[in-house]
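Q: Protein chains in written order, with numbering that gives the first Met the number 0: chain A, 0 to 271; chain B, 0 to 542; chain C, 0 to 179; chain D, 0 to 37.
Be aware that a few hints might be false.
[Unchecked claim] Only pairs whose alpha carbons sit at most 27 Å apart, straight line, appear in this in silico DSSO-like list of lysine-lysine:
(1) A/Lys234 - A/Lys116
(2) A/Lys137 - A/Lys116
(3) A/Lys116 - C/Lys167
(4) A/Lys137 - A/Lys234
(5) B/Lys197 - A/Lys71
(6) B/Lys152 - B/Lys529
[What the hints assert, rightly or not] Quick partial rundown of chain C residues pointing at chain D, CB under 8 Å, derived from the structure:
(7) Ala28
(8) Ile38
(9) Thr115
(10) His130
(11) Asn169
(12) Ala173
[Claimed, not checked] Just some of the chain D residues that point at chain C, by a computed CB distance under 7 Å:
(13) Tyr26
(14) Arg33
(15) Gly34
(16) Val36
(17) Ser37
If you're looking for bench data, these hints aren't it; they were derived computationally from the structure. Since the structure is predicted, the reported quantities are computational estimates derived from the model, not experimental observations. Beta carbons are placed, not taken as given, at the ideal position from N, Cα and C, and that holds for glycine.
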Amino acid sequence: MSDEPDPRDRPWRLWASVAILSVFAFSVLFGFVLLPVIQGRGAGLDAWTSICRALGIAPGSPAAPQPTSDAKAQPTTRVAWSAGLMEALARPSAAGATLASGCAACHGRDGRSVDTKLYPDLAGQSAAAIYKQLYDFKQGSRANPVMSAMAQPLTEEQMVALSAHFASFPVRAIAPVDLAAPGEPIERLVARGDPARGIPACNACHGDQSGGPVEAPRLTHQGVQYLAAQLRAFKSGERRNDIYSRMRSVAAALSDGEIDGLAAFYSITRAY
Amino acid sequence: MTHARNLTFAHLWVAFIAFTIALVLGVWQMWARSPLPAPFLTASTYFSSVTAHGTATAYVLTTFMVMGFGYYVAETALARPLPAPRWAWIAFALGVVGTLMAVVTILTGRAAVLFTFYPPLIASVFYYLGLVLVVAASWIWCVLMLVAMGQWKRANPGRPVPLAMFATVANAVMWLWTTVGVAAELLFQVIPAALGLKAEMDVGLSRTLFSWTLHAIVYFWLIPSYIAFYTMVPQAAGGRLYSDTMGRLTFVLFLIYSLPVGLHHLLMDPQQSNAFKFLQVALTALVSVPTLLTVFTIGASLEIAGRLRGGRGLFGWIAALPWERPMVLATGLAFLMLGLGGFGGLINMSYGMNAMVHNTSWVTAHFHLIFGGTVVIMYFAIAYAIWPTLTGRAAPSLALQRLQLWLWFIGMLVMTLPWHTLGLLGQWRRVATFNYADPIIAAWGPWVIVSLIGGVILLASGLLFVYNLLEFNVAREPNAEAPGALYATAVHPPARVPATLNGFRLWNALVLVLMVLAYGYPLAQFFIIKSPEALVHRVDERR
Amino acid sequence: MPIAEEGIVRSELRWAAISIGVVSVIMLAIIYAGLVHHINPPSNIETIDPKTLHLTGEFTEPNLGTRVAADGQITSRIVATQFTFVPRCIVLPANRPVTLRFATPDVIHGILVTGTNVNTMIVPGYVSQVHTVFTRTGDLLMPCHEYCGLGHSEMSATVRVVPPGDFKPNSQGAVSCDAR
Amino acid sequence: MREVPRGAFALAALTTGLLLAGWLLVYLFVFLPRGMVS
């Protein structure tokens, strides 16, 4: 480039550097030192603590004491999610197939429930959803006379293998059931929820492209009675293994008619 | 005008098609969130529409406008053919393919993550690859601009680079600096997660990387409008540019101060410390200086024009200005919107005061006024000014052009003024359906309808703009002016300009120093404290 | 002969000085708010693993909502999760310093309380914290103001600010909306 | 154009003054009454 160093440039270079360094010095003086120290004095913090907090080296605000908590952990579910677990759940394995024979009596060999009124379909269900329910049955966060006993002997690796195995099956084709069409208010709840009651759209979590919570199960292809029974269990609080009472707070706001309507909607809907 | 004619034509038409789509979606969104029932409304359609509206305006309209106008300036201001036009067409193709990839993924509802991506929400990988292609296209454009300036300087040793080209290259240098942030976030975090290679992400790091890009990108959009202010408006008004040196300094100040200030988008984030937020707020305060300088310099240039046309007294020159010319009218309206939007911006940037307005409609009003208002109305004015050169025909009807500009100004004010009040009342952003049964929200209903009316006026103005461009094809009189005639001459045309104001070596060094000081620790902390990662939540595949 | 070049540069530099002066007044007002009213943005570099947030002590379900600690410090802990706040209604006294702590087990959320300066993003991996003093009483709206998925529009909670006299914690120091 | 453009200077000063006054008004009468946050 043809810009040889030109004596007339020196002032520009000088002024530019001075301007920037002075702004930086001003900000460091106030932002890093004066503001934290004076604020800290008001909150009974020594200068060093408040400067560390202002710099983000220590947690807390330089202007207020940090609250403490000695609460004991009482989780509603003990599942500990991790990247490794999610990757394992995405890989079906042979071990899962052999274990699955024990579940065929109710859930069917390929995950298609022998009686959809009582036992949920597992074929094509989200692996994370199956794993969480198995884990909760084993830990007692969710109780069921049959499933609690079935889950007890399983190790975590076995539960992962079983979940990945059933999730790998294609979803059952919908048998033509002569259920009455659920009607517009139900479809509005599914697609838009009800802001007045703070109910999010069901498909915000259960829909296909929703990006909702990791353990939210697929609801399509389940039996009408099974879905309605689970919703009522959440509403009564009999079932309480949903993390941070997500389903309990929604179910509590639903009327009985809506519970039956939503169960009917999802049982006859192929893909949503 | 050799290669640039078709290149500029192609780029600007892609930009204005994306603009029209985004405009229609924008008005539907305003209808959807108003108390009036709107069709096709579900959470999925609304947030896919917001993603499309943002992607079309922030990535497609702007990048193609900057590239198209850059090619036009490179050929007409430097008065020499564009180097390597083949690469310019390759870049154009990359950009169009990338845009189509992004649009298709959004339309199939597999990219409802909005155009600012909210990791750990992850969309289909094709949405991100589409945006990477558009950014890659813009990088090729940056190289072409640098090469064009380098060739010109070798052919004209010692002479100052024409201001329009100097500003375009300043924009290209700033864009190369700023895309480092979003490129790092996409290539190292978001795309690996979208491909399923990673099941979790460091959200604090990705937000900080995106903030690196988030402010300088708005100046990347803004600089073509400022090029018009400095080089086309004084000429259109019949005056001279008050100070060429100050023009160069303004674009250099934009390059330096728009980069190390991204944290003012994260003032309400827990993972960045007070100290570095304060440092970047102080630097943000300096970003308003080049804009205030521009207000004075362009004001002085217009005063020269006004006096030449017989304007008397302190403000008599204002009335004497040729307001019937679209470029002059657009500038007046643009500065009014810049004042209102700038007022909103001063409050957004004020450290603790940001808590009053963060993620409320106040912020939406700020960037619609400055980007949607000042920047886009100057895009219209630039299009009206260069269309005669591109089509070889004179403008058929200035009256329709002026009407379109007025409609855009009025629509923008009617839409954004209620948003300021709603923002202070607490109306939050990106909402598909408001619960108008709630007493606090019910009070907002009438204001939302008023801003919807503003949106409808903007739609009418946007469609009239496209009509005005199409009308050139049926116009009969040939275009009179030469392309070079658009650029203003300064009161004192610079014979010699200090090397620092003719190249970017010093300014790149200062930007590097500032970025290390302002973003060094804020980025390093995520590797020092080993911050925990969040599970990926995919929005593109079956549950 | 038009105005001399020095005259132009001098007027521009004078205007630059005025611009920097205006901007400095704003910076001084910001510093004043920081020094006198102790106003800061809600920074809190306190990491917490979102994937096992529900297994921790502080953010376990029974410990959420408003608590008055032994030393009298009033803290309200709220979990922001896809598409509800837990609890959905909290009680806080007016005119007394209170602390709000937020955490998210899944994606980015954010809150503002209408009519107040309480505002913070809630980022997975960090505990968000806002110290404030409520100056007005009544049921204030606390919506999630950051896009967090398709249920974002319905995600909202209530902050019930009561006069200090009506703020009566129970034996464990807890105060909740329905109980009061 | 013989002397400094006083009209542009006055217009710019006016708008900048309005901006600063507006900022101070919002700062004093909207922001501060909403309570201390840190």
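Q: None of the hints should be skipped; say for each whether it holds.
A: Status of each hint after checking the structure:
1. A/Lys234 - A/Lys116: holds, 19 Å
2. A/Lys137 - A/Lys116: holds, 23 Å
3. A/Lys116 - C/Lys167: violated, 48 Å
4. A/Lys137 - A/Lys234: Holds - the C-alpha atoms of A/Lys234 and A/Lys137 are around 23 Å apart, at most 27 Å.
5. B/Lys197 - A/Lys71: Violated, at roughly 33 Å.
6. B/Lys152 - B/Lys529: Violated, at about 48 Å.
7. Ala28: Result: holds, 6 Å to nearest chain D Cβ.
8. Ile38: holds, 6 Å
9. Thr115: holds, 5 Å
10. His130: Where the cut-off is 8 Å and the nearest Cβ of chain D is about 5 Å from C/His130, the hint holds.
11. Asn169: violated, 27 Å
12. Ala173: With Cβ-Cβ at 24 Å, over 8 Å, it is violated.
13. Tyr26: Result: holds, 6 Å to nearest chain C Cβ.
14. Arg33: For D/Arg33, the interface hint holds, since the closest Cβ of chain C sits about 5 Å away, which is under 7 Å.
15. Gly34: Where the cut-off is 7 Å and the nearest Cβ of chain C is about 5 Å from D/Gly34, the hint holds.
16. Val36: holds, 4 Å
17. Ser37: OK, holds: D/Ser37 within 7 Å of chain C, min 4 Å.
The structure shown violates the earlier hints numbered 3, 5, 6, 11 and 12.
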